[in-house]
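*Asks:* Line by line, the protein sequences give chains D and G.
Heads up, the first sequence is in the working numbering, so the first residue is 1 and it goes up one at a time.
Heads up, the second sequence is in the working numbering, so the first residue is 1 and it goes up one at a time.
Simulated from the structure, these hints should not be mistaken for lab results.
It is possible that some hints are incorrect.
Unchecked claim - Below, computed lysine-lysine pairings styled on DSS-like, alpha-carbon distance capped at 27 Å:
| id | chain 1 | residue 1 | chain 2 | residue 2 |
| --- | --- | --- | --- | --- |
| 1 | D | Lys113 | G | Lys182 |
| 2 | G | Lys167 | D | Lys61 |
| 3 | D | Lys184 | D | Lys17 |
| 4 | G | Lys159 | D | Lys16 |
| 5 | D | Lys107 | D | Lys2 |
| 6 | D | Lys73 | D | Lys184 |
| 7 | D | Lys132 | D | Lys184 |
| 8 | G | Lys19 | G | Lys71 |
| 9 | G | Lys159 | D | Lys108 |
| 10 | G | Lys167 | D | Lys107 |
| 11 | G | Lys182 | D | Lys107 |
| 12 | D | Lys17 | G | Lys182 |
Stated by the list, open to error - Here are a few chain D residues that sit away from chain G, every Cβ distance over 12 Å (derived from the structure):
| id | residue |
| --- | --- |
| 13 | Asn51 |
| 14 | Asn91 |
| 15 | Glu94 |
| 16 | Gly104 |
| 17 | Glu127 |
| 18 | Gln133 |
| 19 | Leu156 |
| 20 | Asp158 |
| 21 | Lys184 |
Here a beta-carbon is modelled for each residue, glycine too, at the ideal position from N, C-alpha and C.
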Amino acid sequence: MKIVIENVEKTFTDTKKNEVLALEDINFSINEQEFVVLVGPSGCGKSTLLNIVGGLLSPTKGQVYFEGTDEDKEPTLGIVFQEIALFPWRNVFENVTYGLEERGASKKERAEKGQHYIDMVGLTGFENAFPKQLSGGMKQRAGIARALAVEPDLLLMDEPFSALDAQTRTIMQEELLTIWNRTKLSTLYVTHNIQEAVYLADRVIVLSRHPGHIKKIIQIDLPKIGREQEKYRVQFERYADEIWQLIRHDAEEALKEA
Amino acid sequence: METTTKKVIKNRVAFLDQKIPAYVPVLGITVILLLWEFVCRLNIVPPLFLPAPTAIITDGWDMISSGELLKNLIASLYRIVGGYAIGAVFGIMIGLLLGFSKWADAIFTPIVYSIYPIPKIALLPLIILWFGIGEMPKVAIIALGVFFPVLINTFSGVKGVDPSLIKAAVTFGSNHLNVIRKVILPGALPTIFAGLKLAAGTALLLLVSAEMIAAEYGIGAMVLHYGNLMITTKLMAGVLILSLLGLTFNRGLQWLERKLIPWK
């Protein structure tokens, strides 16, 4: 199964009634079991693009579709939100199994799968805690478990760790890789952090701004696990630097606008 | 030899977390009551204008033992609970609808906002004309007075629900009904309760007003009756019951709020 993003364009109307072109001529696809990272400076429309792929926004032109799916089965999406978006009135277990509940899964299936993914993200023992009682990192673990629990055909992650402190973030990136290695879900991940992009991606799609368009698609030819090791340092830095050079000018421009 | 000076930094915002002993709130009310009793015992003011607390309690007790108080209280409770429940249920339901559906919002919000500012008691003559003089108009006027603040608070509560939660619900497969039931209703609940508490005050006000205008029994009718007869002690006993009623109402809502919103 493959997800195709075809000729996607998005225009917004701003407060002064001007048409603003946010995304233009976006074409790429996500292969089965592929981890694709969208990276770009602020205002390049990367979250807009993720929202379009997630069915939370309609494109002005173009379309997003799944290729090679079963005839009668709607493809399932799991989204991990930047705002985490756990339901404050549901405890961890009820949050994680929300998607299963809405799909009409039996109580037994919810209990089994819920526990499985809660264990996977390391929240064992916190099943009955309300989101308010959890730290930022633990909240996002629950957010990840909620998205995994529906066993999605495509996992979307919108800057999931941007609200976390640097140390927690590093740990969460490592854990995400471990989890991904177990589930091998097709993933579209959005970030503005270049190191994170190189660390996680099979392919990095570099976006540029005004309007948001694809500047370059970079294949990361490093083993999926253990990229932080000393022997890959030079290659790692080379990828990171290449992306930074592509983004730098845009990032500086973005700074002046804000 | 050099002398070193030592300046210790003190917490200058200690006043923010001062501990108040538990007896202080009781003390305030006790002193007021004692002062009141004292002034009455000295015959500074005639008992017709301000009866002593002990006199009020004695006459109040007579009213309880004769069953007069209970009869009036039950009549009032029946009206206020009925009216409040009807107004609250409709207020919440319609508030959810207006908050969720842009169509309903566009059609009904102008109507709601043109009726809202009318002091509801002004509608009582009209309602009596419609429903006659029985229990119906009193329940209806309370329901009407409760309906609007609950509706408007529910509406703004719905508007205040974090849009990312709605996105999350839809992403994980919720249909519109479930979005309302599982996300918008709980998300708006804290604001709905603010409306319910506000409406409790309005309900009490309308209860007493309606009973003073047209009722045989009820605390409001009783207070008016003893006012006309210039029996101030019994009048004050009625007022005291109203204060207790309001207090109980508010406490009940607070209790319910804690039960229904455990995640706060």
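*Asks:* Please go over all the hints and tell whether each is borne out by the structure.
*Replies:* Verification of the hints:
no., hint, in the structure
1, D:Lys113 with G:Lys182, "holds, 21 Å"
2, G:Lys167 with D:Lys61, "holds, 22 Å"
3, D:Lys184 with D:Lys17, "violated, 44 Å"
4, G:Lys159 with D:Lys16, "holds, 24 Å"
5, D:Lys107 with D:Lys2, "violated, 32 Å"
6, D:Lys73 with D:Lys184, "holds, 20 Å"
7, D:Lys132 with D:Lys184, "violated, 31 Å"
8, G:Lys19 with G:Lys71, "violated, 44 Å"
9, G:Lys159 with D:Lys108, "violated, 36 Å"
10, G:Lys167 with D:Lys107, "holds, 24 Å"
11, G:Lys182 with D:Lys107, "holds, 18 Å"
12, D:Lys17 with G:Lys182, "violated, 36 Å"
13, Asn51, "violated, 8 Å"
14, Asn91, "violated, 8 Å"
15, Glu94, "violated, 10 Å"
16, Gly104, "violated, 9 Å"
17, Glu127, "holds, 15 Å"
18, Gln133, "violated, 9 Å"
19, Leu156, "violated, 9 Å"
20, Asp158, "violated, 10 Å"
21, Lys184, "holds, 21 Å"
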